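Visitor: For reference, the chains in residue letters:
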Amino acid sequence: MRRELAAAVLGREVGTPGPDPANGDPLIAVSGEIRDVSPHLILVETIDGREERLVIAPWATAWHGVDMPPADLPVGSQVIMKTLHEGRVVERLWAGITRATGTILSVTGRRDLVVELDCGPHRGRRQVTIPYRATGRLRVRHPLLEPGFLFDAIGLREESGTTILLPATSQPGYPARAVPSPPPAFGGVQSRVSGSAVWSDAFDEEERGAAYPMVERSDVRCSHSEVSCVGLPYLAMGSLLSVHNVCTDRMTNVPITACGCVAGRFCDRCVECDTGSRGRIVELSPAAFVELGGELINGCFNARVGLG
Amino acid sequence: MDVSTPEWDWGELVLASQMPILIMLLLLGAAAKLATVRSDAEPGALARLGPAVLMPGRLRVPALVCCAVVEVVLAGGLLLTTAQPFRWMTVIFFALSTYVLVELRRRRPDAGCGCFGEVSSAPVGLRSIGRTVVLTGMALMSVWAPVPGWTVFAEPTWLVAAGIVVLAVLSPELEEAINRVRYRAPCEQRPSSESASLAKLRASGPWREHAGQLLSAEPADSWRELCWRFFAFENHDKDHVVFAVYLSGMRPAVRVAVVSRESMPEYTTV
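Sequence lines, in order, name chains A and B.
Sequential numbering from 13 applies to the first sequence in my numbering.
Sequential numbering from 20 applies to the second sequence in my numbering.
This is chain A alone, in the form it adopts within the complex:
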């Protein structure tokens, strides 16, 4: 609605959400619950109750806590798949994957650690467990497991709760409330801003949307937005954001559907294909992230964003 009105008054084209046709064969993310899996075929039930039968490519790999052959994935777990050829051939599968991003509220436990996170004003609180075998790996990149500091890790959703297995980034060294200010802008207007794009599972399953830090506080009714260590331009809820994955050279338009108030506090770099510019500029829904060629386990890709 806002897009059409803005296009009408400024006399510009109304952008359309979805991948850029120049990408070539589009990647399509399919998610659902595994009903049956064999080395060559997988049967999933999607959120709207449809059953989908997909071919597993011979080179396909899967992740469920560790890398494994697709046929070993447990039946009944939630899976998100990267597919080729109009959604018929599966290339990569992630089962039960989840990501915990937020500010640490408390850390308890001696061997296994229980971390309580504040995931931002729109996402509430969340409790995650770091099993003893993962603490070493996590602490290397999260040395400050203390209240007030940021936390970002990838884990497995299980019946007993969320188990954290991998760090998703190197923890920023400042407290969550003390985000560095952006470098001074020198008047010149850049239509594209570089930084890292991440994913979050706080979106709906089939949603292709983005959370963007620089939306006005009055627009999202939240005092935590408009914070970023990158000089980002202001956009609104409903604006179309064109996201370019520099690593895979894929581009897509996604609407801004949420406030990126947590993403804006991370001033980290992504080292997916090259050392990127610092600062998280956009947080994508898992489906949008996968369709841009992102690898959920790595947690980020180097991106350029602009108004779509």
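Hints are supplied without guarantee of correctness; some may be wrong.
Stretches of chain A that chain B covers, calculated by requiring three or more beta carbons in the stretch to come under 8 Å of a beta carbon on chain B [unchecked claim]:
hint: 1; stretch: 15–27
hint: 2; stretch: 228–234
hint: 3; stretch: 238–245
hint: 4; stretch: 248–258
With the Cβ distance kept under 10 Å, some of the chain A side facing chain B (calculated, not the full set) [as the list claims (entries may be wrong)]:
hint: 5; residue: Pro194
hint: 6; residue: Pro196
hint: 7; residue: Leu319
One-sided excerpt, in silico: chain B residues whose CB lies under 7 Å from chain A [what the hints assert, rightly or not]:
hint: 8; residue: Glu207
hint: 9; residue: Trp242
hint: 10; residue: Arg243
hint: 11; residue: Ala251
hint: 12; residue: Val261
hint: 13; residue: Ala263
hint: 14; residue: Arg274
Bear in mind the hints are in silico, worked out from the structure with no lab data behind them.
Predicted model only: the values in this text are computed from it and were never measured.
Here a beta-carbon is modelled for each residue, glycine too, at the ideal position from N, C-alpha and C.
Go by the hints and put chain B onto chain A.
Guide: Just chain B now, kept in the frame of chain A:
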């Protein structure tokens, strides 16, 4: 400029001449500090400013406010009275500031002096320290001035101008201010208030043309994209009237379009 004012002799004139500068600087310093405290939505920003960084985190705001209050009191005393305690306290204030700046430069070379709040964010240099030394000297001169500050305001001399020039040379903030004006952030990145844009819209020609057809004077929706702020209204035919106001300039460009309801896709709230 009248050097031969009958009631004053030359020496007294010189002694009193710098009081306006002291008073103005004290008031400016207080105002800037209070503005910095008020605008400090992100408490991290204070961590880079002034002697407050030598304090523990929770005392930083009270320290800045306390400093500002002392400055206001001193400025008032200098302006209205000839009382010696105010004048000696001003000397002590600037002498202490000099000491604090030297200490700050030694212990936190990255922190700005914070003398004028957030504008003084450049690291403390010899110029900032030189400025407080000069100010201490000026305050010391004023101790023996025979008149309260307001009389010098009434009859300024060229010595005031000379004092201002000396301080301007010693002020890194001036360069900072010039740079900020020259290299202002592009309007895409500058915060802007919705009410100011609405006021500009209501003063514009396109608004006067369409205002009569609108159902309500308050926008049904408003949002901002880059340098434009959009206001959407409904008119009596239930069509959308959308205005776009540019966010830069005193009399910004305003565009308008009337979009019929039928041409719109199905409404989805955002």
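Visitor: Now, for every hint given, state plainly whether the structure supports it.
Guide: Outcome of the hint check:
1. Closer than 8 Å: that is the beta-carbon criterion, and the stretch 15–27 of chain A has 6 residues meeting it against chain B, so the requirement of 3 holds.
2. A count of 3 residues in the stretch 228–234 of chain A with a Cβ less than 8 Å from any Cβ of chain B is obtained; the coverage claim is therefore met, three being the minimum.
3. Remark: the stretch 238–245 of chain A is confirmed as covered by chain B, as 5 of its residues place a Cβ nearer than 8 Å to a Cβ of that chain, reaching the required three.
4. With a threshold of 8 Å between beta carbons, the proposed coverage of the stretch 248–258 of chain A by chain B holds, since 4 of its residues qualify and at least three are required.
5. Because the beta carbon of proline 194 of chain A sits about 8 Å from the nearest beta carbon in chain B, less than 10 Å, this interface hint is met.
6. Because the closest C-beta pair between proline 196 of chain A and chain B is about 6 Å apart, less than 10 Å, the hint holds.
7. Interface hint at leucine 319 of chain A: satisfied, since its Cβ lies 6 Å from the closest Cβ of chain B, which is below the 10 Å cut-off.
8. Interface restraint check for glutamate 207 of chain B: the shortest CB-CB distance to chain A comes to about 4 Å, inside 7 Å, so the restraint holds.
9. The interface hint given for tryptophan 242 of chain B holds, since its Cβ lies 4 Å from the closest Cβ of chain A, which is under the 7 Å cut-off.
10. Interface hint status for arginine 243 of chain B: upheld, as the beta-carbon distance to the closest one in chain A is roughly 5 Å, under 7 Å.
11. Interface restraint check: alanine 251 of chain B against chain A, minimum CB-CB distance 6 Å, threshold 7 Å, status holds.
12. Annotation: valine 261 of chain B was flagged as interfacial toward chain A, and the flag holds, the nearest CB pair being 4 Å apart, inside 7 Å.
13. For alanine 263 of chain B, the shortest C-beta to C-beta distance to chain A is roughly 5 Å, which falls under 7 Å, so the interface hint holds.
14. Because the beta carbon of arginine 274 of chain B sits about 5 Å from the nearest beta carbon in chain A, less than 7 Å, this interface hint is met.
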